[in-house]
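Heads up: the protein sequence lines correspond to chains A and B, in order. Quick note: my numbering has the first sequence finishing at residue 276, numbered continuously throughout. Quick note: my numbering has the second sequence finishing at residue 402, numbered continuously throughout.
Derived by calculation from the structure, the hints in this document are not laboratory data. Owing to the predicted nature of the structure, the values given are computational and were not obtained by experimental measurement. C-beta atoms are modelled at their ideal positions from N, C-alpha and C, and glycine is treated no differently. A few of these clues could be false.
Mimicking BS3-like on lysine-lysine, the simulated pairs with C-alpha atoms at most 30 Å apart in a straight line are [to be verified]:
hint	chain 1	residue 1	chain 2	residue 2
1	B	Lys153	A	Lys167
2	B	Lys388	A	Lys167
3	B	Lys305	A	Lys167
Facing chain B, a subset of chain A residues (Cβ under 8 Å, in silico) [unchecked claim]:
hint	residue
4	Ile23
5	Leu80
6	Tyr177
7	Leu179
8	Gln185
9	Leu194
10	Glu233
11	Thr237
12	Gln238
13	Asp241
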Amino acid sequence: MKKQKHVLLSGPYLFWTAAFIIIPLLMIVYYGLTDTSGAFTLSNIAQMGTPERLKALWLSLLLSLIATGICLVMAYPLALILTGTKVNATGFIVTIFIIPMWMNSLLRILAWQTLLERNGVINVALRFLHLPELRIINTPYAIALGMIYDFLPFMLLPIYNALEKIDQNVINAAYDLGANRFQTFWKVIFPLTVPGMISGITMVFVPALTTFVISDFLGGSKVLLIGNVIERQFTQVGDWNVGSGMSLVLMVFILISMAVMQHYDKSGGEQVVL
Amino acid sequence: MSNRLIDMQHITKSFDGQTVLDDFNLYIRENEFLTLLGPSGCGKTTILRILGGFEKPDKGRVIFDGKDITDLAANKRQLNTVFQKYALFSHMTIAENIAFGLKIRKKSEEYIQDKIRYALKLVNLEGFEKRMPDSLSGGQQQRIAIARAIVNEPKVLLLDEPLGALDLKMRQDMQYELIRLKNELGITFIYVTHDQEEALTMSDTIVVMNQGYIQQIGTPEDIYNEPQNAFVADFIGDSNILGGIMIQDKLVEILGMRFDCVDSGFGSNNPVDVVIRPEDVKLFSIPDNEGPGSAEYEDAAARAAKLNPGRLEGVVTHLIFKGVHYEMTVEAAGFEWLVHSTRMFPVGGRVFMTMDPFNIQIMNKPESDDEKALEFETI
Chain A
3 MKKQKHVLLS GPYLFWTAAF IIIPLLMIVY YGLTDTSGAF TLSNIAQMGT
53 PERLKALWLS LLLSLIATGI CLVMAYPLAL ILTGTKVNAT GFIVTIFIIP
103 MWMNSLLRIL AWQTLLERNG VINVALRFLH LPELRIINTP YAIALGMIYD
153 FLPFMLLPIY NALEKIDQNV INAAYDLGAN RFQTFWKVIF PLTVPGMISG
203 ITMVFVPALT TFVISDFLGG SKVLLIGNVI ERQFTQVGDW NVGSGMSLVL
253 MVFILISMAV MQHYDKSGGE QVVL
Chain B
24 MSNRLIDMQH ITKSFDGQTV LDDFNLYIRE NEFLTLLGPS GCGKTTILRI
74 LGGFEKPDKG RVIFDGKDIT DLAANKRQLN TVFQKYALFS HMTIAENIAF
124 GLKIRKKSEE YIQDKIRYAL KLVNLEGFEK RMPDSLSGGQ QQRIAIARAI
174 VNEPKVLLLD EPLGALDLKM RQDMQYELIR LKNELGITFI YVTHDQEEAL
224 TMSDTIVVMN QGYIQQIGTP EDIYNEPQNA FVADFIGDSN ILGGIMIQDK
274 LVEILGMRFD CVDSGFGSNN PVDVVIRPED VKLFSIPDNE GPGSAEYEDA
324 AARAAKLNPG RLEGVVTHLI FKGVHYEMTV EAAGFEWLVH STRMFPVGGR
374 VFMTMDPFNI QIMNKPESDD EKALEFETI
């Protein structure tokens, strides 16, 4: 009896998952592996092989990695500082970092476009100060900047949480056993935050790899990421089969990256120490 | 137990304007098992943290082995701490945890392996080298925390309520384990707890504290049998604490009745505090419907009088079986007495109660200055 009730309670969620996640996923697999007549084919996946698309995939991987790396380097020290501060200040600063997320991400990227444009706010200011202009709009630099700006909080919070969870006495124990601040950080604090970094990296890398909004607004039509290529297949070309085939390829890359992360999440701590 | 190893002089410490320790003085001898005992917030943990180097006193000095270590960083001190809730490094194996301090000190691999084996043997956890801390029980984790501290051969081991998170049986086992460890290692243990039973079982010396002030320093026997004030008496074990009047030497009036006692030197007609342990209250049952004059009533009175000329008549109001003894509440002369006895007296039954003169403990009333420190605080 009791068990049945539990199953009933999970019903809405199961329905949601099935209707909006599993079935669409199966549809992508179906479209990706068939042609317009419905016959099995691998040609949709092979479509990824054109130089232009490979270039977009490569650029996507590169920019996502760079953005993830910079987010990590920026977020870790910040999280350390936040953890060191008193409780009230922490709440305040974390809020400051979360507030941008209250605004629609599209709007924020649009704001960056206005800032970075050739005659945008930044360049007007630079010209006024007789400084050289910033010409990064419609370049990969602007896209990386947009990614970092958009996804930094997703890196900050898991690392901050991991640091917060470390018992002060564990750190004191390291000092007590003779470690100096440097040794305490590298041998105790850093390894204990590996799981936080892993989730931060996943939460930045995956959306960065698949984004097409950021590259649309900050890359113009000049810089194409794999997200844009796939989006166009659906919205402009109208070829769902090829679009799905390329989505499958991208999914494989995401699964590989997650598997790598998972591996480090489990054994990472010890490996860093030894 | 000879020379002073640690000397804390005039230590004052406050947090956010709240004074936790005020001109605190204490010395600790070599090879002593000293326990700081008191309710939470009494400053005992702050003392340990000052010794460990995790807090700096606002005023005062800490002398360790003849040297002033007040400003020495925690990682430079020759003492190690066993923290509450173990504080093991959860990302390292047991062997790596134990080796941590030794690796920092750049000891040879051979020496480290030897020490790990030795320490695990000492805490009865041989073969646990490859395990992760999460896979151990609370008691095992605590023993690893002790092993991790002692491989560094500290002169002093600081223990901050190390058994607080363990269940009763495990706590008792660990108490014996700690005594054995201390004897085998021959080093000084400074132990912080709010558990009076733990303190009585293990310590050479107990320091009873309340609100940052030392209430009494002494052996467990001293503290239990001769509490210096009502706070100590109340905190160490169960007790009946009453106001009384010292009529003259060896005669005290409690609740309007005069009892023989053995203490003297409290003046005459002076107000005092009286402590009587529940196991020292003797009961003599009065048969139902028997009043003064009846043979059975007078017989009970006579038996009570053999112990002490003074006696009170009361009624048993509560009765609980505690295993070794019965715990009873007896209402007599408007006071609820706590009584422990191996004999059962039924609820509602009338009793005479009295005490051996030797078991009536007389204490001076606290001076008004100290009254704040004597305020009772429940833990």
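Okay, the hints, checked on the actual structure:
In summary, the hint linking Lys153 of chain B to Lys167 of chain A is supported, as the alpha carbons are separated by about 25 Å, within the 30 Å threshold. With a C-alpha separation of about 48 Å, the suggested pair Lys388 of chain B and Lys167 of chain A falls outside the 30 Å cut-off, and the hint is violated. Between Lys305 of chain B and Lys167 of chain A, the direct Cα distance comes to roughly 55 Å. Violation of the 30 Å bound is thereby established for this hinted pair. Interface restraint check: Ile23 of chain A against chain B, minimum CB-CB distance 33 Å, threshold 8 Å, status violated.
The closest approach between the C-beta of Leu80 of chain A and any C-beta of chain B is roughly 23 Å, which is over the 8 Å cut-off, so the hint fails. At a threshold of 8 Å, the smallest CB-CB gap from Tyr177 of chain A to chain B is about 4 Å, leaving the interface hint in force. Contact between Leu179 of chain A and chain B, as hinted, is supported at the beta carbon level, the nearest pair being about 4 Å apart and thus within 8 Å. Given the 8 Å rule on beta carbons, the hint for Gln185 of chain A holds: about 6 Å separates it from the nearest Cβ of chain B.
With a cut of 8 Å, the hint placing Leu194 of chain A at the interface with chain B holds, because the nearest CB-to-CB distance is about 6 Å. Using the Cβ-Cβ criterion of 8 Å, the hint placing Glu233 of chain A at the interface with chain B is not satisfied: the shortest such distance is roughly 42 Å. For Thr237 of chain A, the shortest C-beta to C-beta distance to chain B is roughly 47 Å, which exceeds 8 Å, and the interface hint is violated. For Gln238 of chain A, the suggested interface contact is broken, since its CB lies about 50 Å from the closest CB of chain B, more than 8 Å.
With a least beta-carbon distance of about 49 Å to chain B, the hint placing Asp241 of chain A at the interface is violated under the 8 Å criterion.
Consistency with the previously given hints fails for numbers 2, 3, 4, 5, 10, 11, 12, 13, ordered from lowest to highest.
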